[in-house]
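**Student:** Chain A is fixed; fit chain B onto it per the hints.
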Amino acid sequence: MKVTINQQEFDYQGDPSMPLLWFIRDELKMTGTKYSCGMALCGACTVHLNGEPTRSCQLPMAAIGDKPITTIEGLSEDGSHPVQQAWREHNVPQCGYCQSGQMMQAAALVDKQQPVTDEQIESHMAGNICRCGTYPRIRAAVKSAAESIAVKVTK
Amino acid sequence: MSDSTVSQSRRTFLKRSVTATGFTLGLALLPATRPQAMFANAPESDSFAPNVFISFAEDGKVEITCHRSEMGQQVRTSIPQIMMEELGADWQHVTIKQATGDAKYGDQNTDGSRSVRRNFKRLREAGASAALMLCTAAAKGWQVDPYECETQSHFIVHKPSGRKVAFADVVAVAAKLPVPKPSDLKLKSRDKWTQIGKAVPSVDLTGMTTGTAVYGQDVVMDNMLYAVIQRPPVLFSSVKSSNQAEVKKMAGVVDVIDMPAASAPALFNPLGGIAVLATNTWLAWQACNALKTEWQTSEHASYNSDDYQQALLDNAAKPGEVIRKLGNFEQATADAARVVDASYYAPHLAQAPMEPPAATAVVTDDSAEIWACVQSPQTARQQVAGALKLPLENVTINVTLLGGGFGRKAKPDFAVEAALLARQAGRPVKVVWRREDDIKHGYFHSVSGQRLTATLDENNHVTGWYHKTVFPPISSTFNPAANKPSDGELDLGHRDTPFDVPNLQLERGEANAHVRIGWMRSVANVYHAFAKESFVAELAHQTKVDHKDFLLQLIGKDRHIDFAASNTQYGNYGDDLNDYPVDTARLKNVINKVTNMADWDKRESQGRYLGLAAHRSFLSYTAAVIEVKVNNRGEWTIPKAYIAIDAGIVVNPDHVKAQCEGGLIYGISCAIGQLTALNGEITQSNFHDYLVARMPQTPVSIDVEIIETAALPGGVGEPPTPPAAPALANALFAATGQRFRNLPIPLNIKTA
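For the protein sequence lines, the chains are A and B, in the order given.
One point on numbering: in our numbering, the residue at position 53 of the first sequence is 53, and numbering is uninterrupted.
Add 1000 to a position in the second sequence, counting from 1, and you land on the number used in our numbering.
Chain A with its partners taken away, still in its complex shape (with noise of 0.2 Å):
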């Protein structure tokens, strides 16, 4: 089967059954997007399937379809998307290995919708675990991710 990760099509031949996670991680050998839990309760394999957060610890690869995938990798080619930003610019990351999963999950909510609410985040991250705690850094970053991304759409 062929799937596109990062706008780069590739060839799979293995067990259908293989979750997502381990064709970007152990095929591949792009170790951005992390294992932590294989059961999408922690939200560290977050990817987008056609923009949408996805776990990949729990996407069979028979499930991806045409649909395209983007990794940490591939949210932006320098580091730029404003989340990105706004994650260096609050200091969020403490060990940083759950921070993968939290931009890909606070960048599909951001790149949809600004500006955000408390409430918001809170329902939209809450699949997201940081043992570190770095939640309340969190919540400061995603804001201001949206504000920026809603000036750049005003001018």
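Careful: at least some of the hints might be erroneous.
[Unchecked claim] Here chain B is said to cover these stretches of chain A; the calculated rule only asks that three of the stretch's residues, wherever they fall, bring their Cβ under 8 Å from a Cβ of chain B:
1. 47-56
2. 104-118
3. 126-140
[Said to hold, decoys possible] Calculated pairs, DMTMM-like style, for lysine to aspartate or glutamate (alpha carbon to alpha carbon, straight line, at most 25 Å):
4. K1640(B) to E122(A)
5. K1121(B) to D1102(B)
6. K1318(B) to D1341(B)
7. K143(A) to E52(A)
8. K1249(B) to D15(A)
9. K1248(B) to D15(A)
10. K29(A) to E1436(B)
[Said to hold, decoys possible] Only part of the chain A face toward chain B is listed, based on derived beta-carbon distances under 10 Å:
11. G14
12. P19
13. F23
14. R25
15. K29
16. T33
17. Y35
18. C37
19. R88
20. V92
21. S123
22. V151
23. K152
24. V153
No wet-lab data here; the hints were simulated from the structure.
These figures come from a predicted structure and were not determined experimentally.
Even for Gly, the Cβ is constructed at its ideal location relative to N, Cα and C.
**Tutor:** Then chain B, alone, in the frame of chain A:
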């Protein structure tokens, strides 16, 4: 793109030797460590001669080696930052190298909140020594006194004349100079500091926001196999029979290997079981799930948490072994106008870092090289060398970034697993712990039962304080006969009870371990602070005194706690009580500060429900106020939290702020999570049944105040955690009148 990831990790991990044509400083500096009381039983020592390395390339570029493991505390920024203060280099021309595990660096065991405080002086001296060599080289050219020169932004400046020369222009001369003696160094006075105290951004921010940062789970090698291990469900049970032969035929499976069975003491040894090696993680995982294994029984199969909880609380209610005593508590009880008591229980917890443990090994006949997310690379080196029977110097431990550690990754059993499997497989092997492995087979935070009793006179003054603590100790992991709280654990929030009462009696009781017990962020402080600070709030409520006022009064007059007066010795986190006294003025100060921040005195008129707790740990003082809201369905949220910390001099205030935010949230997780055992097996397996705080359970915002002080640096990574659970319990009591003495606190307290 896959190639670039591979080469990235190669660059990061395969480049081991520095090819600097400049010079490297090997500085023999002051021994900075004392034997650490807490982990005296662990098979490692931190009494190495410390060395720190700063390298200059010919072009003047600087490479700073960070010898501590990065797990979220931003140590790869703060450790260089301390050196940069005296070095006078420009961050743009500095690269940070991660040290391998090697005794030449001194202690590398990244736990106990020690990285800054144990390296603060020696790292400034390391920077100053390098700077003095550069100044001396420049001064030779100018024929001036080197002490008239200083380093600034990668230049040496002659202060009287204003002449300057670049680092690059003097490196060759400096390389031939002798290393200065410590007595030749003149460290900057605090008013001249430009790096220490500055919020330098983390050096790893770009990698962490673009997916290029490499963690233990991310290591990739050519020809590598992925290993997933089925470990015994009960501690020290072993394989009776299994269908290995069948599983070996499954797609992608290259080998199925029996791990050596484990027995007491647990140490840092692998737990045994059966390893499946396959061509990717998924195939290894599927094959591992297909293993049908019958296990031998183990004495620990009798472990049931319900019975054990009752036994701990029963034990806590009986007289125990006295470990600190002042006055006569028995007499105080007889004379009391009122006696109040309460029992508290806290369950096992897993550290549950977001990155489950992982290690990759390449083993030849006479050498081993490991890439792993380890907190203590020297321990990993010793353990791997021991398991493979190799000389220590033939084992290299490369330290990746750690996707969280919290104590779990200070135990390198997973690195040993990788080493054993790579030797047997004859090719590189990455061992991937699944979340289920992490939750069921870890080194768990201890389960505890505690009993507190206070005696009060007719004016509601506390005349006597009794606290008995019972839990299976960490030392049981190293010595199966150890069955009572160790001195090191009692020193974490029990023996150091700071209350000014004439009659004090602190006791411990016995409890046997049935799982591997290990340290977790803040260790015994977590449950000791929970019981102590909850009980203070209970006493305040019963005597109808404001909790803050009651707590301040109980702590009493400004003083340094005199442990000798109560015939006990206090380990004080391995540091001298003269340098780091238990100072009640500093404890009261953070309480006053945080209650001001929270507008505590107006809470009732404002209709806000606040809970307060304060605690000294790791030589620092923290106090927290948590505000809760409880809806009519019984679900609680935390609109706001406040924390004040006095950690002495801080290196990077933004890192300290981040640790306060995150440490407090980690403590909230400690209040809502639990592991239970049934017939010796841990019942929980993943984040659906092992609850950790998600965004909705955490404060919408946290105000942090860092106390300005000239006191010596204390710990930062752990001290924000202990006040969280009692502050939350106290806030929920304020809101609902429900008192939570047994953890966990449910997310919906109407179901409690």
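**Student:** All the hints need checking, so say for each whether the structure fits it.
**Tutor:** Hint check results:
Counting residues of the region 47-56 of chain A whose CB lies closer than 8 Å to any CB of chain B gives 0, so the stated coverage by that chain is violated, three being the minimum. With a cut-off of 8 Å between beta carbons, the region 104-118 of chain A has 1 residues touching chain B; three or more are needed, and the interface restraint is violated. Residue count for the region 126-140 of chain A with a Cβ under 8 Å from a Cβ of chain B: 14. That meets the three needed, and the coverage hint holds. Taking the CA atoms of K1640(B) and E122(A), the gap is near 14 Å; set against the 25 Å cutoff, the hint holds.
With a C-alpha separation of about 21 Å, the suggested pair K1121(B) and D1102(B) falls inside the 25 Å cut-off, and the hint holds. Restraint check: the Cα-Cα separation between K1318(B) and D1341(B) comes to about 13 Å, which is no more than 25 Å; the hinted pair holds. A distance of roughly 19 Å separates the Cα atoms of K143(A) and E52(A); the hinted pair therefore holds under the 25 Å criterion. A threshold of 25 Å between alpha carbons decides the hint, and for K1249(B) with D15(A) the separation of about 16 Å falls inside it, so the pair holds.
For a cut-off of 25 Å, the pair hint linking K1248(B) to D15(A) stands: about 17 Å separates their Cα positions. Among the hinted pairs, K29(A) with E1436(B) is consistent with the structure: their alpha-carbon atoms are about 24 Å apart, no more than 25 Å. Given hint, G14(A) at the interface with chain B, holds; its Cβ is 8 Å from that chain's nearest Cβ, closer than 10 Å. Annotation: interface hint on P19(A) holds; nearest CB of chain B at approximately 7 Å, less than 10 Å.
Annotation: F23(A) was flagged as interfacial toward chain B, and the flag holds, the nearest CB pair being 9 Å apart, inside 10 Å. Of the supplied interface hints, the one on R25(A) holds, with its beta-carbon coming within about 7 Å of a beta-carbon of chain B, less than 10 Å. For K29(A), the suggested interface contact is upheld, since its CB lies about 4 Å from the closest CB of chain B, less than 10 Å. Against a cut-off of 10 Å between C-beta atoms, the interface hint on T33(A) holds, since the closest Cβ of chain B lies about 7 Å away.
With a least beta-carbon distance of about 6 Å to chain B, the hint placing Y35(A) at the interface is held under the 10 Å criterion. Here the hint on C37(A) is kept, as its CB sits about 5 Å from the closest CB of chain B, short of 10 Å. Checking R88(A) against chain B: minimum C-beta separation of about 5 Å stays under 10 Å; hint holds. At about 8 Å, the closest approach between the beta carbon of V92(A) and any beta carbon in chain B falls short of 10 Å, and the interface hint on this residue holds.
For S123(A), the interface hint holds, the least distance from its beta-carbon to any beta-carbon of chain B being 8 Å, beneath 10 Å. The closest approach between the C-beta of V151(A) and any C-beta of chain B is roughly 20 Å, which is over the 10 Å cut-off, so the hint fails. A distance limit of 10 Å between C-beta atoms decides the matter here; for K152(A) the minimum to chain B is near 19 Å, and the interface restraint is violated. Checking V153(A) against chain B: minimum C-beta separation of about 22 Å lies over 10 Å; hint violated.
The structure does not agree with the numbered hints 1, 2, 22, 23, 24 stated previously, though it agrees with the rest.
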